[in-house]
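Peer 1: One letter stands for each residue in the lines below.
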Amino acid sequence: MKSYIKQILRTPVQTLFIIALVMVVTVMLVVGGNLWVTSDRLSKAYENDFITIGTVAQKPDNVQESRVWDAEKEEYQIRYEPVYDRYVAQEEINFPEAEYLVEPEKRVYWGSYAPEYLHASADVGYDFDAVATIVEFSPMESGILSLSKRIKITRVLGSDKRLEGTVSWLCDHTNRYPVELEEGKTYIAMIKWSAVLTHGKEWEEKGYLSHLEYNPIPIETTLYTPEGKRIEDPLKMQNIYEVTEGFYGTEIGRRYLEAADMDYIIKESQPVVGTNSTDLLPAFYEGTAWLYEGRYPTLEEYEQGSAVCLVPKEFADNNNLSLGDQVITRLYFTNAKKTPNWTWPRPVGRYANFGILDLDGNSLEIFEEKNYLIVGIYDVAPLMADDIASDELIVPLNSIHKKMENIVEYGPMTDTNTSFQIPNGSISDFLEIITKHNIDNLVFTFHDRGYSVLMEGIRNLKNMSAALLIMGLIAAVMLTLQISHIYVTKQKKRLAVERLLGMTKKMCRNVSLAGILLLLLLGTVSGVRAGMEISGHVNMEDLTRENFDRMYSNIGISEEQEVGLSGLDMGDAALSCMMGGLVIALGMTFSGVKLRKILRGEPMYLLESGMAEK
Amino acid sequence: MLTYMLYSLKRRKAANLITVCISFLLVVLLNLYFGTMHSYEQQLHELAENALVYGRVTNKNGSRDSGLFISESVLDGLSASDLITDESCAVYLLAGEGEFTQAEWEKCVHLQVSGVNRTEVVDGLSAEKIHFGKKYDESFFASDSLVCIVDESVMRKYGWETGDKIELTMYYYSSASELFKLELYPLGLVELEIVGSMERLAGVTSAIPPDVVIPFEAVRRIYHQQEIPFFADTVSFYVDDPMRLNDFKEEMRAIGLQERDPTAMDSYIGYTLAVRDSNFVTMASQLRQSIEVLRSFLPVVCILIFAIGYIVSYLLGNGRMGEYALLRLQGMGSVKGTAPFLGEQFILILLGNLFGNALMLLFADSVVVILVNGVVFAAYGIGIIMAYCRMGRKSVIGLLTVSQ
Amino acid sequence: MEKMIEAVNVSYIYQTKYQKTKALSGVSCSFERGKVYAVTGKSGSGKSTFLSLLAGLDVPTEGTLNIEGEDMRKINRDTYRLNRASVIYQAFHLFPLLTVLENVMFPMQLQHVPAKQAKARAQEYLKKVDLPESLYKKMPGMISGGEQQRVAIARAIASGGEILLADEPTGNLDSQNEKVIVELLCKLAHEDNYAVIVVTHNEAVAAAADVVYGMSDGVLSVVRE
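Respectively, the protein sequence lines represent chains A, B and C. Under our numbering, the first residue of the first sequence is numbered 1, with each subsequent residue one higher. Under our numbering, the first residue of the second sequence is numbered 1, with each subsequent residue one higher. Under our numbering, the first residue of the third sequence is numbered 1, with each subsequent residue one higher.
If you're looking for bench data, these hints aren't it; they were derived computationally from the structure. Among these hints, one or two may not hold up.
Said to hold, decoys possible - Pairwise CB distance ranges (calculated):
{"hint": "1", "chain 1": "B", "residue 1": "E183", "chain 2": "A", "residue 2": "N441", "range": "24 to 32 Å"}
{"hint": "2", "chain 1": "A", "residue 1": "L291", "chain 2": "B", "residue 2": "Q42", "range": "46 to 54 Å"}
{"hint": "3", "chain 1": "A", "residue 1": "E602", "chain 2": "B", "residue 2": "L362", "range": "48 to 56 Å"}
Everything numeric in this text was worked out from a predicted model, so none of it was measured. The C-beta atom is built at its ideal place from N, Cα and C for all residues, glycine as well.
Go ahead and model the full structure; you've got the sequences and the hints to work with.
Peer 2: Structure, rendered in structure tokens:
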């Protein structure tokens, strides 16, 4: 065998070229194979790591002009309010031909009365005076409330007592025909802090310092039907009433007492949000809220409406709650317009800018009570996750049976309350469906965290790797056929002489195959090494780099996930060796078959054919 | 020489088949490679020409795209941009006939006035519904003259006719702050010539139809004359060349337009831009990245072609040294002796190319096929020439020795 | 003298894909050690075929070929060629990519002779065929025809066999080299007791032989004994 190896090495250029070709072919197979495996692995990983969410916002059909009195300017101000002919229901965007992973949901939230817990909203948190509260007050000067008047707040019926005993400024700012107040009398009103500075001729004359004034607002019910129609309050209340003897025995007085009670109730309440998937909640999708401990409800729990919930970390800490504990909910109102942070903003505070009494002027009744098992505790990023309220419980939507009772606000679909999930990479298909349905009053926005961009890069990689593999395979077959031609077919004479000199068929075959194996090994080993290096150099960041600026775009890219895109590993060693092995196997097979054929006959024929070839 | 070549072509079937197959495969594979790249580039070009990328100025949280206060600097910035086209602008006013005091405005202001720069800006209005007088046509919308077209029913009500000059006291909206309050302010008494009428639009769409339509620039002129800061209510446009989307967005940033923030409070100030480019961006990004992936493999492909061409030719040529030596022994010079081999190989490559081209013309662009044909022919040919010329430089004795 | 090789009624038919040819017909003869045998005849008479059978490159279609009493069909013909019989040809058939010395060492490597010993013996054999030492490291393509044939002879005797078969060994040589080769073959037979069988159509070579057989259309006859 040494002798044969010597003979091979004495044709260095040919030998080197053969090795080079074997190396090139191996590189193609290794790169193709590695890229295929890597792209396959990445696409599987991305499928699990990425989700695609669509949000929906309904555009107003019209604008409505309304005139609001401005006591300071003594004229009507014009406001334009968006008007919706009707509210699009979530069923209408559940297109039958669309492939939803989670069907569209227009979320509502419920208020849950839970006095046994410590709520973050118990602390109003701000230094300025209460946003809205029911007070008894006494004017410090008589006059019509068409300008700011000083009042002494003698009693606060609501829960925030800070105003009690203080002097504030009151103006019935938006009332064209405000009442006249008498100094020394006692009046009652729900007063709301306004963004208007104190004003009036008397004010200017007396040189008072500017102050934000309070405006009285009526206590009214703001109940809606499940279809979104406002139910008119039979009782038309004024903004201010005089507190006379027996006032609280009247219908009006009773209402004020009930409303004041509701203030306490709101203080001891927290929001409950129902959903079919935590990922549909913007804060969770965007990563500003995340699971701190435990787990998310499972798909089955969502579908079956199991009594499991997620609680915020602060709430759990404040109430010594942990995984496996129960939380009680007593739902008494539904808000079908806004997200709960409007009522319970984070980090602290509460403000119910909707009516909290029923049509009889009584506190809203609890309509559903349930215990939930805490399966997960979530946390939120400070100053972010604006749509998550403090103390917000998240439960499976199907666990709530009475979803639309005591509806205190009703609004259209918005980006924060309506969302759905579709399979990754199906945004363009969905856009086609929208176009087909000719929808022009809804705005769809998609968030896929860059999945579509990433996946297309991977798909291209896969196609390229397939092409390389096929090319490499064909080249490998051709090359190994060529090798068998050069080192077997064209070596008939040498084989004949070897047979002549007494080498057995087996010896001749083994020596020839050993030489060919050496060449193949040298070529494949260097090819495998080079192929692994090249595989590692295909830069995923180049492939997934965004070509277009997404600013202003109607596709939202939330935080892009890092899934190890900084560069592929140096190729899978086992796979690369397998590719090298394939080339060797092909070479040895073709050469072996050829040798067997040539050596089959008697040496005399081999000699003659070898001589003839010469 | 020709005879020898043909004899050799007939005799060396296996080796010739290998050469033809290699050439065929190279042609097919390179056609796939370049053809795919070319196809992507064409798709990208067509996409850019056909995709409609639409932009509209909105308020900060994106809930309003009309009834806004869009500053003149934004307007001027957009108008000056050559990256947008079909810009549609509107400003909405109220007006009353004749002169009256502010105290009387409630009783006198009854007319909805729209200042627009295109027919399409007015909901439901089309060229067919406008009946211009003798002097004007659709160029009306681009003018800054104090002219107007009026709703037919309004004309009947006021007894106006096309050609009449009317005096309107106009009122405009202003915002005291970003918040909800809107206030009406007088714009002044303006004399306008009625140059046409428009069919009644009330009931055609759900929008409030204008009673009077004035050219947008004319309204702007009025504001400037009165030294009042001008604001538009709505602005929308199309991006002229979607492939220059990044340049366009850079320009919009420079103008001062911001991105939508859904959590922002409601307002009337229009300084946010919403661009409907999702379809285009998705598809163009995909195409661009496909092209880049393919291009990243170009060096490997080039090396491959050359390597295959040269090495295979070298190896095949090596085995024919004896043959070449015999030709030289017969008295053929190095060039004439090499020519049959080169000729034979080029015929084989051409054959392989032809088979490959015939197959690829069924699927690929003819330009790409021709290009690939040239590349393979050239690369392989260079390899063959280099391999066989190497043979030609040797002495006859040397060739005979090597061949033996 | 002991018969090294005995052919008894040997016939051989060449079988190709399309036809059969009877190359030998009832050949009977014997070969002894220490003698030079020449088998003469025109081209195509079957003498090379006969030599190939004597070399064990195939077995007769009919008849027997005995090697020291053993039927060729029953012995391992590879081992026979490795240890007992060697062939040299008109075209020399040296390994073009091995040096002169390596060519001669080759059979000994097949016999697993240690390299050092093989090299020493190879040098001896080359000396025996009067090849200058300066040529030992040359490739066969670098030396003359006569030198190549001497190397082929040295390789043939390097395996240590007793039978040397030569097919037109002087066919490619000039008269001077021819004389040298013939002398060498005679020396091997008469001094080293080889059974040397030469196939030739050269009169001068046949004249140097101890026994001359004539082959004509596959039939052997004794020309001179």
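Peer 1: Decide, hint by hint, whether the structure agrees.
Peer 2: Taking the hints in turn, this is what the structure says about them:
no.	hint	verdict
1	B:E183 with A:N441: 24 to 32 Å	30 Å, holds
2	A:L291 with B:Q42: 46 to 54 Å	47 Å, holds
3	A:E602 with B:L362: 48 to 56 Å	51 Å, holds
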